[in-house]
Amino acid sequence: MIGRSLISFLVPFVIGLSLVYRCARAGGKSAFLMTACLATGLGLALSSLCFFTWLVLFPGNASFAAFAAFEAITALAVAIPAVLLIKPVQWSEAMDDERPPALVSLGIYGILFFMFIINAAAFIALSRQAPHGGWDAWAIWNMRARFLFGGGQWWAGSFSKVIGWAHPDYPVLLPGIIARAWRYLGEDARAVPAIVACAYTFLTVGLLVSSLSLLRNPRIGALAGIVLLSAPLYLTCGASQYADVPLSFYYLATCVFFFLRQRCDEAAGRSLMCMAGLAAGCAAWLKNEGQLFIVLFVCARFLAAIPSRGFSKFFREMAFFAAGAFLPCLAVLYTKIRFALPAVDYAAQVTVKNMFDPGRWFGVAVEFVKRITLFGGNSVPLVPLLAAYVWIVGLRPGQRGRPEVLTACFLFCLMAIDYFSIYLFTPHDYTWMFAVNFDRLLLHLWPSAVFVLFFITLDPLTNEKKSI
Amino acid sequence: MREKRDARAWVVRAMLVSLLVYGVLSGVSVFRELLSHPIVDKEDFIARYVERFTPLKRLLPSHGVVGYTTGREVDNIYLSGNETAKYYLAQYALIPVVVDYGTHYRFVIGNFDRPFDEVKDLIKGNVAPVEDLGNGVVLLENRDI
Chain A
0 MIGRSLISFL VPFVIGLSLV YRCARAGGKS AFLMTACLAT GLGLALSSLC FFTWLVLFPG
60 NASFAAFAAF EAITALAVAI PAVLLIKPVQ WSEAMDDERP PALVSLGIYG ILFFMFIINA
120 AAFIALSRQA PHGGWDAWAI WNMRARFLFG GGQWWAGSFS KVIGWAHPDY PVLLPGIIAR
180 AWRYLGEDAR AVPAIVACAY TFLTVGLLVS SLSLLRNPRI GALAGIVLLS APLYLTCGAS
240 QYADVPLSFY YLATCVFFFL RQRCDEAAGR SLMCMAGLAA GCAAWLKNEG QLFIVLFVCA
300 RFLAAIPSRG FSKFFREMAF FAAGAFLPCL AVLYTKIRFA LPAVDYAAQV TVKNMFDPGR
360 WFGVAVEFVK RITLFGGNSV PLVPLLAAYV WIVGLRPGQR GRPEVLTACF LFCLMAIDYF
420 SIYLFTPHDY TWMFAVNFDR LLLHLWPSAV FVLFFITLDP LTNEKKSI
Chain B
0 MREKRDARAW VVRAMLVSLL VYGVLSGVSV FRELLSHPIV DKEDFIARYV ERFTPLKRLL
60 PSHGVVGYTT GREVDNIYLS GNETAKYYLA QYALIPVVVD YGTHYRFVIG NFDRPFDEVK
120 DLIKGNVAPV EDLGNGVVLL ENRDI
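Protein chains in written order, with numbering that gives the first Met the number 0: chain A, 0 to 467; chain B, 0 to 144.
No lab work stands behind these hints, which were simulated from the structure alone.
In this text, a Cβ means the ideal position worked out from N, Cα and C, and glycines have one as well.
Incorrect hints may have been included.
[Said to hold, decoys possible] Which stretches of chain A does chain B cover? Using the computed rule of at least three CB atoms under 8 Å from a CB of chain B, they are: (1) 105 to 117; (2) 229 to 243.
[As the list claims (entries may be wrong)] Straight-line alpha carbon distances no greater than 27 Å define the calculated DSSO-like cross-link-like pairs of lysine-lysine that follow: (3) Lys160(A) with Lys123(B); (4) Lys85(B) with Lys160(A); (5) Lys3(B) with Lys160(A).
[Unchecked claim] Okay, the calculated bits of chain B under chain A, using three or more residues with CB under 8 Å as the criterion: (6) 43 to 50; (7) 55 to 64; (8) 94 to 108; (9) 123 to 132.
So that you can see chain A by itself, here it is in the shape it has in the complex:
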């Protein structure tokens, strides 16, 4: 049992590592941690894709040995070309190396460690109190995982429109990961969904801290980690085993790959763009919101890149992005076509007359701003504090980071417009909808927003000069 558990984790890690291990070269401990987080996250997604392919090709085949062999062959088919083709990342400049007093840095690391321990303990406590997770976890994700694991040749019942409440239109990255692990264990152990949720929750923290440590400095990385964990909603949502935290991981991974390009040469930059595409593709393979994320990412890049780089460079860049996103998107397309699923859930729920109702515009706008301001789950709102932080600490000059930052800003704006339009056009009571899901939509963007915020602001501990 323990051996199988280890292998079930090792295979995805090795697949993921083959894709990203070149990021770890010459980057120190931060690059090592970042690589480990990215390798695990991408590897889990690819192993889910592999499991889904197995179900499609060999439905009802109960032989574990056959599945293990199939997975090993697939792993090699991914790993060998990846090792040969992906360019090593050569960091082109040193990170910020101005050092504040060691005691201050130690204090920041200490607080991050304290928060990590507290949050890990809270995660365990919450998981023991609700081992099957929250409502959506057992009624959607774990239920669909049971279909994939125990459904035999009838696994596609997971996509049946009869159980529309289980969102058969959602892709199966998360159920695939869980069902695959159960396949290795030979039983539907209830600890597996909780372990997967735990992995994504803390991988996201690790990725945020390590990537900012690499791109800025370790203190900024630690500060970002503290801010991420300062929103208790992040932990409770993670422990509820919802797909929102894994989705936020893939959004963050997309941003990280995208921002890392500025620190390396062009050849490595192309590989990183491909990886950004893969991470965005994983988001699409996880939830419908991820499919929208891909489209809006391309639109944001278009808006940011066309004026400065022109069409040809934009299309070349997007070709690498599309190559990375190809496999997960193909799986999404396959499920949409084979099971005749709607492309976007909300498209069928548009009430156009809402557009001409000024009262609704005002009401949605007020609720939108209020919920963003109060986001996080603390009695004292965190977002205004962060706004004050940006205003007081200031933005750093960073010409080199500009196109990436611009793309991220466009992306956040487009996501906000999209979210706003959902609440504007829904035929349902928008206040009820805000209460039910808006915080979780914001949570998807929370780690990426923290990443961009700490990327663009000055280091408060050193004497960097304020430019604006």
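Place chain B on chain A using the hints.
The following block gives chain B in isolation, referenced to the frame of chain A:
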């Protein structure tokens, strides 16, 4: 000029401290929450509920769609609290069979709070019991289909 820069540095430091204090207080509130809810394993309600349906699985077809009833008709099964949860859990338990709410299928799962004898009058239409499995779980057959 230098004084202005020093003043700004203090404001920046104060801001940083505020952010760190906010983080610590947030961690402390999570810690206090932990202490107020001791780490104990609660009874696994879902596992216990799912177990009720185990004997039913051998009677059902290996796949396809079956009906579901509790004898009570609700306006919207998706917004009926406990009733919704019970229906979803029945589906959770009976995979790979797909469970639809209603009696418009040949086989219908009866899921009741009380023994079937006490609630059989609630069943409408030409639906008859095939086997009473106890614990309020009954396999029914719609003879009109």
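How the hints compare with the structure:
no.	hint	verdict
1	105 to 117	holds (count 6)
2	229 to 243	holds (count 4)
3	Lys160(A) with Lys123(B)	holds (26 Å)
4	Lys85(B) with Lys160(A)	holds (19 Å)
5	Lys3(B) with Lys160(A)	violated (66 Å)
6	43 to 50	holds (count 3)
7	55 to 64	holds (count 3)
8	94 to 108	holds (count 6)
9	123 to 132	violated (count 0)
Violated hints for the displayed structure, listed by number in ascending order: 5 and 9.
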